[in-house]
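Q: Each chain, letter by letter, is given below.
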Amino acid sequence: MKDVDLKQILAGSEKLKTNLYGKDFLLTWEKSWDEIVAVLKVTEALKYLHSQNISTRVFGSGIAVSNFRDNSTRTRFSFSSACNLLGLAIQDLDEGKSQIAHGETVRETANMISFLTEVVGIRDDIFLGAGNTYMREVGEALDEGYEKGVLNQRPTVVNLQCDIDHPTQSMADLAHLKSYFGGLDKLKGKKIAMTWAYSPSYGKPLSVPQGIIGLMSRLGMEVSLAYPEGYNLIPDCLEVAKKNAAASGGKFEVVHSMEEAFKDADIVYPKSWAPYAVMEKRTQLLRANDHAALKSLEKDCLAQNARFKNWECDEAKMKLTKKGSALYMHCLPADITGVSCDEGEVAASVFERYRIETYKEAGYKPFVIAAMIMASKYKNPFKVLKELESNATKRVRY
Amino acid sequence: MKDVDLKQILAGSEKLKTNLYGKDFLLTWEKSWDEIVAVLKVTEALKYLHSQNISTRVFGSGIAVSNFRDNSTRTRFSFSSACNLLGLAIQDLDEGKSQIAHGETVRETANMISFLTEVVGIRDDIFLGAGNTYMREVGEALDEGYEKGVLNQRPTVVNLQCDIDHPTQSMADLAHLKSYFGGLDKLKGKKIAMTWAYSPSYGKPLSVPQGIIGLMSRLGMEVSLAYPEGYNLIPDCLEVAKKNAAASGGKFEVVHSMEEAFKDADIVYPKSWAPYAVMEKRTQLLRANDHAALKSLEKDCLAQNARFKNWECDEAKMKLTKKGSALYMHCLPADITGVSCDEGEVAASVFERYRIETYKEAGYKPFVIAAMIMASKYKNPFKVLKELESNATKRVRY
Amino acid sequence: MKDVDLKQILAGSEKLKTNLYGKDFLLTWEKSWDEIVAVLKVTEALKYLHSQNISTRVFGSGIAVSNFRDNSTRTRFSFSSACNLLGLAIQDLDEGKSQIAHGETVRETANMISFLTEVVGIRDDIFLGAGNTYMREVGEALDEGYEKGVLNQRPTVVNLQCDIDHPTQSMADLAHLKSYFGGLDKLKGKKIAMTWAYSPSYGKPLSVPQGIIGLMSRLGMEVSLAYPEGYNLIPDCLEVAKKNAAASGGKFEVVHSMEEAFKDADIVYPKSWAPYAVMEKRTQLLRANDHAALKSLEKDCLAQNARFKNWECDEAKMKLTKKGSALYMHCLPADITGVSCDEGEVAASVFERYRIETYKEAGYKPFVIAAMIMASKYKNPFKVLKELESNATKRVRY
Numbered sequence: 001m002k003d004v005d006l007k008q009i010l011a012g013s014e015k016l017k018t019n020l021y022g023k024d025f026l027l028t029w030e031k032s033w034d035e036i037v038a039v040l041k042v043t044e045a046l047k048y049l050h051s052q053n054i055s056t057r058v059f060g061s062g063i064a065v066s067n068f069r070d071n072s073t074r075t076r077f078s079f080s081s082a083c084n085l086l087g088l089a090i091q092d093l094d095e096g097k098s099q100i101a102h103g104e105t106v107r108e109t110a111n112m113i114s115f116l117t118e119v120v121g122i123r124d125d126i127f128l129g130a131g132n133t134y135m136r137e138v139g140e141a142l143d144e145g146y147e148k149g150v151l152n153q154r155p156t157v158v159n160l161q162c163d164i165d166h167p168t169q170s171m172a173d174l175a176h177l178k179s180y181f182g183g184l185d186k187l188k189g190k191k192i193a194m195t196w197a198y199s200p201s202y203g204k205p206l207s208v209p210q211g212i213i214g215l216m217s218r219l220g221m222e223v224s225l226a227y228p229e230g231y232n233l234i235p236d237c238l239e240v241a242k243k244n245a246a247a248s249g250g251k252f253e254v255v256h257s258m259e260e261a262f263k264d265a266d267i268v269y270p271k272s273w274a275p276y277a278v279m280e281k282r283t284q285l286l287r288a289n290d291h292a293a294l295k296s297l298e299k300d301c302l303a304q305n306a307r308f309k310n311w312e313c314d315e316a317k318m319k320l321t322k323k324g325s326a327l328y329m330h331c332l333p334a335d336i337t338g339v340s341c342d343e344g345e346v347a348a349s350v351f352e353r354y355r356i357e358t359y360k361e362a363g364y365k366p367f368v369i370a371a372m373i374m375a376s377k378y379k380n381p382f383k384v385l386k387e388l389e390s391n392a393t394k395r396v397r398y
Numbered sequence: 001m002k003d004v005d006l007k008q009i010l011a012g013s014e015k016l017k018t019n020l021y022g023k024d025f026l027l028t029w030e031k032s033w034d035e036i037v038a039v040l041k042v043t044e045a046l047k048y049l050h051s052q053n054i055s056t057r058v059f060g061s062g063i064a065v066s067n068f069r070d071n072s073t074r075t076r077f078s079f080s081s082a083c084n085l086l087g088l089a090i091q092d093l094d095e096g097k098s099q100i101a102h103g104e105t106v107r108e109t110a111n112m113i114s115f116l117t118e119v120v121g122i123r124d125d126i127f128l129g130a131g132n133t134y135m136r137e138v139g140e141a142l143d144e145g146y147e148k149g150v151l152n153q154r155p156t157v158v159n160l161q162c163d164i165d166h167p168t169q170s171m172a173d174l175a176h177l178k179s180y181f182g183g184l185d186k187l188k189g190k191k192i193a194m195t196w197a198y199s200p201s202y203g204k205p206l207s208v209p210q211g212i213i214g215l216m217s218r219l220g221m222e223v224s225l226a227y228p229e230g231y232n233l234i235p236d237c238l239e240v241a242k243k244n245a246a247a248s249g250g251k252f253e254v255v256h257s258m259e260e261a262f263k264d265a266d267i268v269y270p271k272s273w274a275p276y277a278v279m280e281k282r283t284q285l286l287r288a289n290d291h292a293a294l295k296s297l298e299k300d301c302l303a304q305n306a307r308f309k310n311w312e313c314d315e316a317k318m319k320l321t322k323k324g325s326a327l328y329m330h331c332l333p334a335d336i337t338g339v340s341c342d343e344g345e346v347a348a349s350v351f352e353r354y355r356i357e358t359y360k361e362a363g364y365k366p367f368v369i370a371a372m373i374m375a376s377k378y379k380n381p382f383k384v385l386k387e388l389e390s391n392a393t394k395r396v397r398y
Numbered sequence: 001m002k003d004v005d006l007k008q009i010l011a012g013s014e015k016l017k018t019n020l021y022g023k024d025f026l027l028t029w030e031k032s033w034d035e036i037v038a039v040l041k042v043t044e045a046l047k048y049l050h051s052q053n054i055s056t057r058v059f060g061s062g063i064a065v066s067n068f069r070d071n072s073t074r075t076r077f078s079f080s081s082a083c084n085l086l087g088l089a090i091q092d093l094d095e096g097k098s099q100i101a102h103g104e105t106v107r108e109t110a111n112m113i114s115f116l117t118e119v120v121g122i123r124d125d126i127f128l129g130a131g132n133t134y135m136r137e138v139g140e141a142l143d144e145g146y147e148k149g150v151l152n153q154r155p156t157v158v159n160l161q162c163d164i165d166h167p168t169q170s171m172a173d174l175a176h177l178k179s180y181f182g183g184l185d186k187l188k189g190k191k192i193a194m195t196w197a198y199s200p201s202y203g204k205p206l207s208v209p210q211g212i213i214g215l216m217s218r219l220g221m222e223v224s225l226a227y228p229e230g231y232n233l234i235p236d237c238l239e240v241a242k243k244n245a246a247a248s249g250g251k252f253e254v255v256h257s258m259e260e261a262f263k264d265a266d267i268v269y270p271k272s273w274a275p276y277a278v279m280e281k282r283t284q285l286l287r288a289n290d291h292a293a294l295k296s297l298e299k300d301c302l303a304q305n306a307r308f309k310n311w312e313c314d315e316a317k318m319k320l321t322k323k324g325s326a327l328y329m330h331c332l333p334a335d336i337t338g339v340s341c342d343e344g345e346v347a348a349s350v351f352e353r354y355r356i357e358t359y360k361e362a363g364y365k366p367f368v369i370a371a372m373i374m375a376s377k378y379k380n381p382f383k384v385l386k387e388l389e390s391n392a393t394k395r396v397r398y
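Same order as they appear, the protein sequences are chains R, H and A.
The first sequence runs contiguously to residue 398 in the numbering used here.
The second sequence runs contiguously to residue 398 in the numbering used here.
The third sequence runs contiguously to residue 398 in the numbering used here.
Isolated chain R, as found in the complex (with noise of 0.2 angstroms):
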């Protein structure tokens, strides 16, 4: 970021068509491409006015709901620094399981939680066919209080990941990758592999490979979705990729070896799922609360995963990428080799080599969020940041 400026940053931000204002922030596919692109904007944006000691505060005071319905780390902090870096407080919204549920709760809950509140961010990628379901219930209880006088602003809806898409991470590895290739329009043709891996461990969510080749296929690259027979995605988000890639001038195909995915690509992206079949047998089960056919579905999944143990981003299978020196990507935690397994996603000394890039790549997930935040409350949200520069106010004062 040190040659740049911001006005190199928002070049073209005037011809955009955008319709962000006021809009949750679902499912990159429902964005349009102009859209994807403001994003990435205000997202680079907002690093390099922080980079500059700039301050973006751009509320006063104001709440952002945190709502997660599984554990998470690093995505709690990349929200929560998100909102700080815009001047709002986070609230942890701990639902008990039984306390808040589907219907009138959520209706109800949405708006008591949301009088002074003006984003709420939503993680929950356990049940298949619910969590994008549970944030649309949100966004329409949002909408009604607000329409009916309830709350004084509506509070913006962000997906930190649901069953279908993980936006703010396939927007991070977006933001990476045109940094890494040194623009969008560098990645048009290039091959990106979004590839199966083994791990040791099971459950781990569609949401990720989805995003990705939901987003990817949008550039005109060649994507190419690898997974062993049986490892399948939710059908319509295959169904997504394809239409995209056929409007943009890129590839989709589905093959079932990690090395013909491999071959001479540009990137590669070696990451485990759960089959479809199995997240969504784990979801009735889940919904039945029966424990013994969970233990036995788990142990039959692993098993299965263990046949499949040479789905590993090794050394032999990086030499089969573009000039051996593919860009190795990952959502992080990764399952690596004898470092955090015994036999896992990646080799040791491959993910050592893209370590400190599978950092940067995370490094961009808060100034998405914030983005995101941004192009949803100021209906010109690339004035507001060069505002923001004139004024020059310091984040870090004196």
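Simulated from the structure, these hints should not be mistaken for lab results.
Careful, some of the hints might be misleading.
Identical copies look the same in the list; a pair holds intra-copy or inter-copy alike.
As the list claims (entries may be wrong) - Below are the SDA-like pairs computed for lysine to any residue, each with C-alpha atoms no more than 20 angstroms apart in a straight line:
(1) 386 / 60
(2) 394 / 57
(3) 251 / 235
(4) 394 / 21
(5) 394 / 60
(6) 299 / 309
(7) 148 / 52
(8) 383 / 394
(9) 322 / 181
(10) 394 / 154
(11) 148 / 179
(12) 7 / 380
(13) 379 / 397
(14) 309 / 342
(15) 23 / 136
(16) 383 / 397
Add chains H and A to chain R, keeping to what the hints say.
A: Structure of chains H and A alone, referenced to chain R:
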């Protein structure tokens, strides 16, 4: 709030004689009528300024301690939101039940958490005879710390629900009534039915009905308290209501029929609670840690409740009210028949008709809490509010 | 603080040679005497400005990570309050013990939580040989992240208690002594008795006595460390105290009689701890997760403690001190005979006489922590403090 402005909200405020500065807010009936009116005016002013996007951040820094001795989502959010609105940061005091008890420990802990603290919000409604007492112990410890130079400032204690009163709830309810009927003067002569209602759960605190009869009896209203024989409140609280009614030119009656209370009522507030005698017994058993006897008490109590399933606020009973259109109130969450339980406090159709009104009722709570804080921190909060409007610093900037 | 002003507090500060900028604060004996004095002056200045209602909010935004690896109410509040005083927002890092361990994970997590972080406060005093090591691992990971462009800023690590030192406690104690006796120069030649005391609990950390002898030995004081045979501290810490005493023209002795240590003492600090050998054994058993052996160790250790119930700070022993009126100190909470336990560290009458003084002692801690942060973030914190006074932005506004 469309047609009012700050001048109208604060009209007459200069004539109010108040002594709220530096005082805790523990029971509404410890406050003079002028003081109640003053807190209401500050409440409305803060809500108005928020709706106008004017910052009311009167603290540049400072801690607000959130001390919840039982579970709460709504009141927790209201307190957090209120403190954030004024510029204070929340720090939760999560006491292990053993670690922080009464006596010496309260004295010490109250000071240890208060070096940079402006407000201590306490919710403690489980033990009859204990919650309000605990708040006063904290207050006395803070007095000592401030007088002896341990603390640079005396934090304000705010009662977020105790065994006796729930002043932030009753004040929010009053703000809602004032708005709904168009002024405090319009409430004179109106009939409010504060009635017990059937619930399939047990052990609900007495503080809401006690708070309602203790406050609404001060307005010249006709307060009808109804409950099945045996479901008494704390006797002292009934004495308070009686005296208040006499002094304000209103009425206070106790009846044992929901229908009788509803008859010609302008406002109905049907809500379950546990009998005073049961709460006393329960307190003893909780202190003795007698789980078996607690289980047995719960069983007996639920069986007793079940005898009064007809104490439901249904359409037939609503027809008995003034023109069949009394305002339905509830502190939420309500036990709604066929929605949140099989048989409950209120019929689904009645609740749905007033659902948005109950949300608005709840919406006053953060502003009530903020008003209690401001009234304790500023000798002349009205002057501060006017200055905030003149300065017109935007809350959401740009 | 009535008669002092900022000028007096900062008198002589321009002559101090310090290298605190950009550095972590992990052990007092890693800091030069000038650096200790500088942190004390910033502490006092912040406390003074707070008492004068002058804002010291030097951060417009930024995260302070609170990483407590064991329970704490007081230190947690001190850290939160300190960060809030400077304008930082707390984000708790609640690590599952399995999720965040040492090695690779520390390296990664330290960066993942730090993209917008200014301070990381760590408390880790359970495992002997581990706590301070962990803090250095975090520091090294942050160095790497900052150098390699992952982080825009290098967060400061503050030791909120480790296995070796408890610098925020000992610095608060020193600030209290300075205030009580009227200046650091007045402490030269004074005798301080840092003594073990009986407690009915077990496994109390060594960091307080080690911190006290490591710091107070630098002032030309006579430091008398007393404990029953076998209740040794970490040998290296005694070496530090010996060297410091020699260099500062003071004395350091180890005795095995509370009476001998109290004789003619100006200050007494009676506090329980577990023997070094027990803590080592306990660390091994905790690592091995050997619950049975831990239970047995606890039992043995309590039995051993019980042999030394006469190590209580009672009125008779207080009579042995200088004019019978030594200053009693404690890091709180103390085990008070007949108050918080049947037999403990201190007699109730002694504690009560010094109770308010112990509160004042504790009251320095938030300001010490804030001073450590400021000294690490600003090349010239004294200049910043003067500017804050000149600007005179009110903390509680209007």
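Q: Hint by hint, work out which the structure violates, then give me just those numbers in ascending order.
A: Violated hints: none at all, because every hint is consistent with the structure.
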